[in-house]
Every structure is written in structure tokens, then in C-alpha cells.
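A.B. asks: One-letter residues, chain by chain:
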Amino acid sequence: MKDPDIKRLLYAHLLCIFSVILSTFIPSIFLENFSILETHLTWLCVCSAFVTAVNLVLYLVVKPKTPSKRSSLSHKVARFLKCCIYFLISCFGFHVIFVLYGAPLIELVLETFLFAVILSTFTTVPCLCLLGPNIRAWLRVFSRNGVTSIWENSLQITTISSIVGAWLGAFPIPLDWERPWQVWPISCTLGATFGYVAGLAISPLWIYWNRKQLTYKNN
Amino acid sequence: MQKVFVLVFLAWVSFLFYAGIALFTSGFLLTRLELTNYSSCQEPPGPGPLPRGGRGEPGACWMASRFSRVVLVLIDALRFDFAQPQVSPMPGEPPASLPFLGKLGTLQRILEMQPHHAWLYRAQVDPPTTTMQRLKALTTGSLPTFIDAGSNFASHSIVEDNLIRQLTSAGRRVVFMGDDTWKDLFPGAFSRAFFFPSFNVRDLHTVDNGILDHLYPTMESGDWDVLIAHFLGVDHCGHKHGPHHPEMAKKLSQMDQVIQGLVDRLKNDTLLVVAGDHGMTMNGDHGGDSELEVSAALFLYSPVALFPNPLPEEPEVIPQISLVPTLALLLGLPIPFGNIGEVMTEPFAGYKDSQPHSSPLTQASALHLNAQQVSRFLHTYSAATQDLQVKELQQLQSLFSKASADYHQLLQSPRQAEAEAALQAVIAELQQFLRGARAMCIESWAQFSLARMAGGAALLAAACCLCLWASQWTTSPGFPFCRLPLMPVAWCLAGAVLCAGLLATTGLKLEPVVLVAVAAVGSLLPFLWEAWAGWGARRPQAALLPTPGPVLLLLLIRWAAFFSDSFVIAEARATPFLLGSLILLLVAQLHWEGRLLPPKLLGVPRLGPSTPTSPSQHSNMHALGLGVGLLFCTRLAGLFHRCPEETPVCRSSPWLSPLASMVGGQAKNLWYGACVGALVTLLAAVRFWLRRYGNLKSPEPPVLFVRWGLPLMVLGTVAYWALASGVDEAPPRLRALVAGASTLLPRAVAGLAASGLMLLLWRPVTVLGKAGPSAPRTRTVLTPFSGPPTSQADLDYVVPQIYRHMQDVFRGQVERTSAQGPLTVAAYQLGSVYSAAMVTALTLLAFPLLLLHAERISLVFLLLFLQSFLLLHLLAAGIPVTTPGPFTVPWQAISAWVLMATQTFYSTGHQPVFPAIHWQAAFVGFPEGHGSSTWLPALLVGANTFASHLLFAVGCPLLLLWPFLCESQGSQKRRQTPGNEAEARVRLKEEEEEALMEMRLRDSPHHFSAALLQLGLKYLFVLGVQILACALAAFILRRHLMVWKVFAPKFIFEAVGFIVSSVGLLLGIALVMRVDGAVSSWFKQFWPSRGN
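Chains A and B supply the protein sequences, listed in that same order.
Offset between the first sequence (1-based) and this note's numbering: plus 2.
Offset between the second sequence (1-based) and this note's numbering: plus 55.
Calculated from the structure, these hints are not laboratory results.
What you are looking at is a predicted structure, and each value in this text was computed from that prediction instead of being measured.
A hint or two may mislead.
[Said to hold, decoys possible] Lysine to any residue pairs mimicking SDA-like chemistry, simulated, CA-CA at most 25 Å apart:
#1 K446/B x A559/B
#2 K295/B x P174/A
#3 K295/B x W186/A
#4 K295/B x L39/A
#5 K1100/B x P970/B
Please model the entire structure based on the sequences and the hints provided.
C.D. replies: Here's what the structure looks like:
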């Protein structure tokens, strides 16, 4: 385990955090009356776009290994399309799960779907960037002793923390505080965002802390 | 024998919980009997002449009326200091700047300008200081407690004698405007009423502005005798902003204008009363008994001079309920029967009366009437119940007789010289009596007993600890089964005898609750001692708390949720959420450990120390489907929800109402078809399951019952539903027939279910034993064995052989008969003998319970069975069956089971509040009512309410049995993939071993008992911590605004649910043991020498 690797990971994560922060400030320059709570759906789209963009940039710039032997254009396009389909599937999958967990079925469909989009952005997009549209690799990463690099390890941590954040975000909804952020799905999206940011911040530190114990076979 | 001790131990642990619940309840829920006697004009409260003007004049009952009309302005949460006149500050000092001080300038002005017209009191309010309780007190003159026994839980209407009732029966026109709580309390009592919704605490103006729209026009129209206006703005402002907010100043100024407007319009025959029903704390809340909450303002104003003396500097403190007898006598009405308030003397003093002694005489006669009425009430009440202390009652009675005698003596011989002093003495005596009576009532009705509450909570906590500790201990080899339950019973008796003796010698009253609690503590002591001693000696190997971590976290979240009123209200949504989280967690955990998907799906070979040696290394792909199916079922069941009344935006599901209430034939028929479909599916599923595992062809009675009795029950239920849903459409000729059938059918179904259960208890083992040794079989693997088995080894060898042989026999029969036609005979296999009995029992239980619900709830019952089936399979996928070692049921299984019970409670249309109870369940099978018996309707309603608790508790042992049942599938699957020869041999061995299924449990009876005990203890622990959390929430938050609306009902429901669950658990475990015993005797048929 080399420290420069961890350093690169840290910088990449800082960039991601920065993009989340930017997404709260930049739109207010262009849009009037922009605020996270009142124009929440706009913010969700902006945040999702920012995070996706940063992830793509990171993928192009600091990809640890150049993966494909076949690098024809058609293959690349097919791969890209596959990624898009995966992303859409994950959005719909999350939407179904939210409804199963008690989200309203008919009302607020757009809100629920955008929540699914943002959670997919925090979880599926990094997976697609790092592992590609490869279900087996995903399954491997999210099982015990499945990770093979610090990148995968940090992916595991940020994904789980995003989901846990979204889960925790559901708890304030029944409380009678009557705050604007208790409305579905604002607390959950905020929870997911905080979870994502926390995961980004914690994972380099955690990996650095445990660098002695972590041994990756394929690294 | 061991098994009986398991039951005794579990019963003892349940007893500990019951004792804790009883002790806590006796300190927390004070009860009072509601008497339905009424005072009447014709009947004076006691012997003796009525005072001057009584009954003689028109409109006068016990006393001549002083006012013919009253305007009662009730300002919710008008604390005393809101109305207190402000002493004008010394020049140089800044005036008081608090927003709530001195805003009611009208009162101050009146008190200064017309001192003989008005009087201000500091009214002392009795807790609980919630509006509904206060309104009850302000009209009945009594002390409402949380449970006014005898009251009708379904509605809040007041059944006791009250002012409004007296007014209406005297023909007075009562006009009401304001808070719609009055609508529930006095349905149909007002000649005109303008109700406004009171629930939205954030809304300061709707109610007040609504009243103001109607107040002055009504007043000027003149067609009223009593006008009541209940303003809510001040209270809502307190809840929203607190008293220190400028908004409060605005609200109070508005109220001031209202009072001014009223005073300007008052006529001379009218009395104006301005009262607060309770106060508020520094934060603007109320409900408890702090000084600020219990001091309310009470202001009387008469346009003609009424009071002889001006208001003293510091206003007098009186109990608030004094208003009730005072108003009654001032208006010339009888005092309400249950009143314990004391008449205020000032309004009766009379301003500059003509006769010198008439004013004290009027006061004395008012007080005497009041005392007679209170004495009559105490007499009636103590005859009806034993709440009141006998000794004090006697003292009061003698005090009353003395005062009464003095009063009569005074009336008969009015000697002018001593009259004044003697009258004052009589007044003092009467007042002493009235105060004593009130103090006695408060003592027995209206005070929390903190010691008992704390004691009860501590007992519950200790019982929880005991459960946890003992459940860990059961797995250790040296667990003393026999010694264990006898010890506590002995200590229990010792404690009880000691306590009884102690109380008897000290002469205190022997209360059963205390006695039981002391007995429980006594029996707990040796255990705590042993635990304490053992703690140091051997560190517990297993972690004490529920593991793994996420499950503990979920349980903690659930327990913490009991402390928030919002979460208690939202529990119907929170429980499925937690259940879903637990299910996903289980699936994710399976995947994390690499047991969900076949390894080939995982791209690279497994790294690190791959989970070793687990025999069920096969893929559990189906677990994923199970998880998704479970989530889906949970969500579907969530569609059947009933909204708590606290959330106005929520819409209850329309599917909870009975079909009879539906209009539109087409939809009704469709729904009816769906319900019938649900029933038939349930029946078919159960029979399919039994056929699959039981392979069934036994002539035993329970099997025959399943084959014929269950369809009969379904038929009866369906017919009953058809009658019940179309009862209005029946032609008149058939009315009698329909009525008879709708009485008979439910009883028949219940009777069938009961007889089925009896049969099951009588012959629980339904294995076809006779086909055993003599059946011809070509491929038999039975090794020759002759003579009685002598050693344990022989038995260990022979029992599986017999079992396998029987399997072959049945298989052969099936092959033969299936060639000829459909199967006609049936037998259960030994491998599923326990769970087959359990499933049959659960189905038999479910049908009568289902009948008690509305028709469409049958879909929920179907979902319930489906859900628990899926959950059991999912859990079984996570638990590898270990070889004979100790069997344990993991915490996640028990947590999921308990969560599912709670979820089903809500999805069957229940809510833990009294108005939401399904009272109509009492009339299923008894359309005419029950006459005077109360236990049967209570039983029916209880069975309806706690059906899910009962079913899940009885089904609890399935958690232990199911993993063994699922073994057979694993082995079947493996058979399809033959490997090389060596592997095949190993697999054959495995298969032989695995096919034992539930006989594995029988093979190690000690572990079986331990596992059952542990299961019961864990289940009791999870439930027990819930009830402990509820009790603590009620204890800590006893001054919370919502305590009587949310926490106390939740505690009661949880407590009753716990009792039902523990009984159900004991029944379930007892059933398993009965089956076990029967299996033993079945084995004895083959080896008479083999004992158990």
C-alpha cells in the first residue's frame, strides 16, 4: 500500500465534495430565488449533474488502470450506452424500493424519482466509473473480502454511507416540528448527500488509518 | 419432565412482567367509577326543609335563582396572572413589560370602578390539565381521571350528571360556540351551536374569529339562557409561540375587547363568567401539575351589585370546580349529583340586604345544600366501590352529621343575639366537611403514585435483564432445568407470606397489587444474586445484548420511538419501514457473507478465508426473491391503514369498513369475490403446504378435520359474510331466517375451530404407524434387527432406520395409488410433525379471528400468512442447521417476528387509541347484544384487537422449527447435481443426516428444551423492553401535553398486547411439547421398553 495512492484518492474525494458544495452556490448566480429547500428539485438536478460530471472527469484523468484492450469507438459507444441503461435501471430500482418502503405511490412521483436519481448518482455512477457495467465486479466489491484496491474500498464506504444517510433521513419525517425540510423527500435527499459527503471524507482517512491491515491480493 | 419446567419458568417470567405492569398501572392510571345518578328538582339532596324560595318560586329548584341568564366565556389556558390586575408602578419604575401581563385591562377597570359588581379568583385546577379533562370537571364538578371506569370508551360523551344536562332538563336554551371538543362531550345538548375545529394548534385565529362572528348577534337576538363561548387562541398561541411572545399580547388584547363588548351588552339579569380552563407553563404547554399550569383565572361580573365587600388585595384561592355548585344554585338548578366542589360564599352574601342576618343565612343554606349533596354522593359512591378509605369516610360522615344538626337547630331556634356567631360556626363546619371530602377524593383519584410507578418500571427492567441473562445461560451445558423453576416459586410464596404478615401486623390495608409485586421481587432476588455472583466468576462468553450490531440498532430505534409522541402516532408507518430495513439487512448480510449467490456469479474466486465448512454452502438465490416478496407484501398490507386522528391530512383506507356499508352492487360483489378468493387461497395454501411436507394420508382425526372441517369453516364464513353484507336487501319474509343464520353461523365456525383444536390436542401426531413393519417393500434398507434394543447406541441406530423405512413405505404407497387415481389416504411425515401441528393450529385460530374483522381484512390475513411464510423461509436461508449442538434462534428472527406482529396490528385496521377499537366485533354471532354479561363481549373485542399479537405469539416456535423443515429442499436440490463418486458418497451421508429434519430436535431433547426456553425468553425480552419503554415514556413524560392522548393509551394497549402475547407464547410452546410427548408415545408403540 502506497501513500501516494491514498493521496490521490483524497484529492479526488475532495474534488467530489467540492462539486457538491458548488452545486449549492453556482445556480444562485444564474437563477433567481434559488435555494436548496424551496427549489429543491432544481437543486437535485444540478447536484446530480455536477457530481456525475466530476466523476466522469475523474474517470478520464485519474483512472488507475487503463482497462480496455479493445478501444474501438463502437465498443466505447456501446459501453457508454450500457452505462446509461444501468443508470436508468438503478434509478427505477431505487424508485421501486422507496415505494416499497412507504413512499407515496401516486402522488409526488417526480420528487420520488429525482430522489432515486440523486441516490443513483451517489452510488451507481461511481460504480460505473470505477468498475464499468459489470455486475459481477459490483457483486464482488460489495461482499466480504471482495475489494481489491483502495479505490474499491472507498467506493464501498461511500456507497454504503450514502444509502445509510438516505435511510436516516427518513426519520425526521414523522416529527411534528413543521420544518420545511421535513417534507418528503427533502430530508432523505439531504441525508443521502450528507452521507455521501461523509463517506467521501471518511474513506481516505479510514484507509490511511488501516493501511497496515489492508492487503489487497490483486494489487 | 424438563419440558414442564420450561413452561413453568416462562410462566414465572411472564408473571414478573405482569406484576411490574400491575404495579406501574396502579400508580399511573388512577381510576374512578362514573355514577349515572342524576340530581333532580323534585328530590332534595337530603332531609330537612329547603331554604327560602326553594321549590316555591318558578325556576327555582333547591334554591331561588339569582340570575336567569349566564354568559360563560371560557378562554383556554387563561392563566391567573394573565388576568391579574397590575399594581400601578411607582413613579420612576418601568411598567411591567412581559407581553402577557396587564393586557386584560377591562377586568382591572371593572374591579376598580365597580368593586361590588365583580370578583376575581385564583382558581386551583386539578391535574391532568388537559382541556377535555378540565371541561369534564367544569361541568360535572368532579375530578376526572384518565380512566373513568364505566364510561363508554367509544365516545367521549359525558355520562355523569353535569350542568349542561341540568340546564337542558330544566328547559333552558344553551347556545355554544367555539372548541368542537364540546360536540363530543355533549352530543345534541345545545339548542344552537357553532363548532370550530380545535385540533390544529398552529392556527390561532379560526376558532376565535368564528366565535366573534356569532357572539354579539346571538347575544342581541336574545333567544338563549346560557351562552358559552370557548376561545382557543390563547392556548394555541401558548403552544405555538409560548407566553413570552408579542403574539400573546395581541391575543390577550383581543380577548380584552371581547370582554368589554360583552360587558357593554349585558342585561341586568345576566351573570358574566370569564374563566380559564387551565394555565400554561413557561413554554406554553400544559397537561401536568406544575404551579403555573394549575392556576387559572376565574372572574365573575354582574351588572347589578352582588358582592358586599370589594376584592381583597390578594385574590382568594378556590378550587376551580367550585364554579359548578355555585352556578347551579345561582341559576336555581340542582347541583350535579357527582359534584364535590364547594359553593363560593361571596355571590350568596347579598349586597346590602334588608335583613341583618339574611346574608350569612343564605350562605349557610347554600353550603348546607352543597354538603348534603356531597354527602349523598359519597354515600352512593362508597356503596358502589371500595376506592375510598373507610376510616376517613366515617370521620367525614360524623363531621357532616354534626354540622347538619347544628344547622337545623339554628334554623328552628333563631335567637338573634347568638345567631351571627353560630351561623359563622356552622359555615365553618360545613366548609370543613366539604374540603375534607374533596381532599379525600383527590387523594384516591387524582395523584400519581411516583413510588409505585418507579417500582413497576424497576420490576419490568429487572425482568428484562433476567430474560436476557437467562437466555444466554440456557445454551450453556450446566443449565439446571429442574432446580430453576422451583426456586422462584418457593421464594415467591415466601415473599408473599412475609409481606402479608408484615402488612397485617402493621394494620395497613392489604392490596393485592402490592402483594403480587413483593412476591415477584422476592422470587427475583435469588436470581439477581446468582447473576451478580456469576458475573465475576465467569465472564459470559456470548455477548449479552442482541447481536449483530445492526439488529441491536434497529431495536434501539424502535424502543426510542416510544418516547416521542410523533413516532407513536406514526408507528403504523414506522414499523413497516423498520421491518423492510431488517429484511433488506438480512438479504444484504447473506450476500455479504457470500451465501446469497452461487460463487460462479462472483467473477473472481473467493478471496481470503472463505466461509468455512458451512454445509449449506449452496446458493440462496431464492432469498433475494423472498426478500422482495416480503417487502411487496408489507407494502400491500400497508394499504390497509387507519389514520390516527392526530394527522388530519391522512386519509384512512376505505377498505376497512364492512361491506354492508358499501353502496354500489358491482363493486360490492367484486370485493365479496375477492374476500372469498382470499379465504379459499388461504385454505388451499395451507392444505398444499401440509400435502407437500406431510405427504399426507392418515386416518387420524386432525387430518380428517383439515380435509373436511376447514372447508366447512370457510363455507360458514363465506355464508355469514354474504348475509352480513346484504342484510338490508333481504326480503322481509326471510328476515327471521337471516337473523337466525347470522347468529348461528359465526358460532358454528367458532365451534368448529374449537373442536378442531381439541382434536389436535388429543391426537397431535398424525403419522400412519400401522403400515410400519409389515408393509411389503422391495427396496427396503432396513437392517435386520431383532429383540428389544438394549443400549442407547441401538436406539440411535434403529430410530432413523424406522423413520427411513416408513418414508419408503409411504413413497411406495403414493406411487401405487397415484397410478390408480387421486390420493385418498394421508399421513404426516415425522420430519415435519411439529410444524404441521403448529400450522394447523394457527389456521384453526385464524379463522374465528378473521370472522371478527370486517370482510376485507381477510386479505390482510392472507398477507399475514404469506408474509410469515416468506419471512420464515428467508430466516431459514440465513441459519445453517448445525449438527446436534445447541439450537438457537437468532435475534434478527425474533425482532422481525415482533415487528411483523406490530405491523399486522396496524394493517388490520387498529390504532392504539380507545375510539379506534372495533366495537362491532362484540356483535359477531350476537346481533342482539349480550344482555348483562360483560366478559364475552370483552373477549370478542379483545380477540379482534389483539388477533395479530395472539397469532404471532402462538406461531413463535415456528422460528425454531422452520430451518429444520427447509433442510429437505437443500437435499433435494443437491440430488439433481451428481458429482464424482467420492463426493456423491459424502453427499449421500449428508442427505441421510439432513433428511431427519425435525427429528433432529427430538434426537437431542436437552437442546430442544433449552432452545424452546431460549426462544421464549428472547421473545419475552423484546416484548418486555417495549412495554418497559412505554412505561418509562409515560413516567418521564407524565406532564407532556399528549400523555393522556398518546402515551397512556399506548401503554395500555402495549400492556394488554404483552399479556396476550405471553399467553399465546405459552400456548404455542405447550403445543410443541404436547406434540413431542405424543411422538414419544408413538415411538413406544414400536419399542415398549423405550422410555423418554
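A.B. asks: If a hint holds in the structure, say so; if it doesn't, say that too.
C.D. replies: We went through each hint and held it up to the structure:
no. : hint             : verdict
1   : K446/B x A559/B  : holds, 17 Å
2   : K295/B x P174/A  : holds, 19 Å
3   : K295/B x W186/A  : holds, 23 Å
4   : K295/B x L39/A   : holds, 23 Å
5   : K1100/B x P970/B : holds, 11 Å
When held up to the earlier numbered hints, the structure conflicts with none and fits them all.
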